[in-house]
Amino acid sequence: MIFWRAIAAATLLAAAPALLAGEIPPDARRSGYSFMGPDTRAMQDDDTSNPGMLFVLDGETLWGKKTGSAEKACADCHGDARSSMKGVAARYPAFDKALTRPVTLDQRINLCRSNHQQATPLPYESRDLLALSAFIAHQSRGVAITTGDDPELKPFVAQGRDLFTQREGQLNLACTNCHDDNYSKHLAGAPVTQGQPTGYPLYRLEWQTLGSLERRLRSCMSGVRAQAYDYGAPELVALELYLMSRARGLQMETPAVRP
Amino acid sequence: MIGPSCRHERGALPPPPAGEGWGEGVSTRETPRVERVLTRRFAASPASGRGKTGTWLDLTSHTCSIFAALVTITLAPATVASAEELTSYKIVGDGIPASLTGAPGDAARGRALVLARTTTCILCHSGPFTETRFQGDLAPDLTGSGNRWSASQLRLRLVDAARFNPDTIMPSYYRNDHFVRVGRNFAGKPILSAVEIEDIVAFLATLRD
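Here the protein sequences line up with chains S and B, keeping their order.
Quick note: the first sequence uses the numbering used here, first residue 1, plus one each step.
Quick note: the second sequence uses the numbering used here, first residue 1001, plus one each step.
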């Protein structure tokens, strides 16, 4: 009996390499939402109980507020966000022709601030930056993710995929080991999801605040005891880009709630 | 219903060690009561240097998160910090027959270590541990390990599981090289000390069906 179990384990091992870095087929892609308990889902679903909505409201105020020495508000250039920003977050990170590299939504907001508003960039994870990006991404709620269409993004998506499959840290684990090969299983009793970036910035009960996708990725890196990349580092942008292209077709949920 | 869901004061948590941790990954807010019980138990049985630092960990961040364990080792410098020179060992067949310390391990301490989240075993494994329901299912149940494997095989498995299976997700617990981008606080150090490995081997060997 015991002997057979060992054989079964060995057979499983032999099969493992084929599964490694196995990409999730489109029809099997699932948001982290589908792994949550009913309470957390209810909190996300009801705008009056979703704490992320407070940030969205703040973002709406900032959208209309004149800033910087140009004395311009976002709305002065982009008008009503409900129409002008619909679907935008669902295709970010996007290629920036001037910089010849992909930029995240947060970086785009700061580029607008320095180039068009003559204002200082907002620090990563600051309340104002999270509020603005939550407000903008909220306009895409329900829109299917299309990030990665631009052919110029190709090498950066590939870089992100390499980083996703690269083992790292003292625990020597890659993102793919958990989020492709072991989703639906449990790490110490908590479900491992596919790591789909559908709801960012999102409210994590653990954080007790809104946080960016980069914050999440840095947490996973620290989790495997790797040196996390700095906010805005090209590697984090590439990872974010890969994750968004990997989530193609899934709907945006911003602001999502996660445990 | 807006507001904190974790039951303890966030302010009571020490700052996360290396930037931010997995501690932030998941909270078990859906089962906080059970966890309380669990944390008390843990706090009562610190088995080693690592277990000791596990105490604050178990008392505080556990309530909100279980993954902090993976990172919090930064705060457990005692055992491993000076162990940059790894004890050399000899692989014979598919095992390491000789104790890394030259002495037998302590199974009771080994059990506490396997259960301590900083050691990371039960993040992936389950086992005959009725006191905690927060066990992983990314890896085989440890029940009966002592039947399936000799102490020599268990030792090599812990030291460097990749020798059995190059694609395994099980970390190599007694290695300090060939890693990529290791966090500043962990660089050059093995995950476990030789003493801890021996304690765990001694414990696993007692796990018989």
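FYI, nobody ran anything at the bench for these hints, they're computed from the structure.
Note that CB positions come from ideal geometry on N, CA and C, so glycine has one too.
Where hints are given, some of them may not hold.
[What the hints assert, rightly or not] Derived contacts from chain B toward chain S, CB cut-off under 8 Å, selection only: (1) 1102; (2) 1104; (3) 1117; (4) 1133; (5) 1137; (6) 1181.
[As the list claims (entries may be wrong)] Non-contacting residues of chain S with respect to chain B, defined by C-beta distances greater than 10 Å in every case (computed): (7) 79; (8) 121; (9) 159; (10) 164; (11) 189; (12) 190.
[What the hints assert, rightly or not] So the derived list for chain S, only partly shown, Cβ under 7 Å to chain B, looks like this: (13) 26; (14) 75; (15) 165; (16) 168; (17) 182; (18) 185; (19) 225.
Hints versus structure:
no.	hint	in the structure
1	1102	violated (26 Å)
2	1104	violated (24 Å)
3	1117	holds (7 Å)
4	1133	holds (6 Å)
5	1137	holds (5 Å)
6	1181	holds (5 Å)
7	79	holds (31 Å)
8	121	holds (21 Å)
9	159	holds (15 Å)
10	164	holds (13 Å)
11	189	violated (4 Å)
12	190	violated (4 Å)
13	26	violated (25 Å)
14	75	violated (27 Å)
15	165	violated (12 Å)
16	168	holds (4 Å)
17	182	holds (5 Å)
18	185	holds (5 Å)
19	225	holds (5 Å)
The structure does not agree with the numbered hints 1, 2, 11, 12, 13, 14 and 15 stated previously, though it agrees with the rest.
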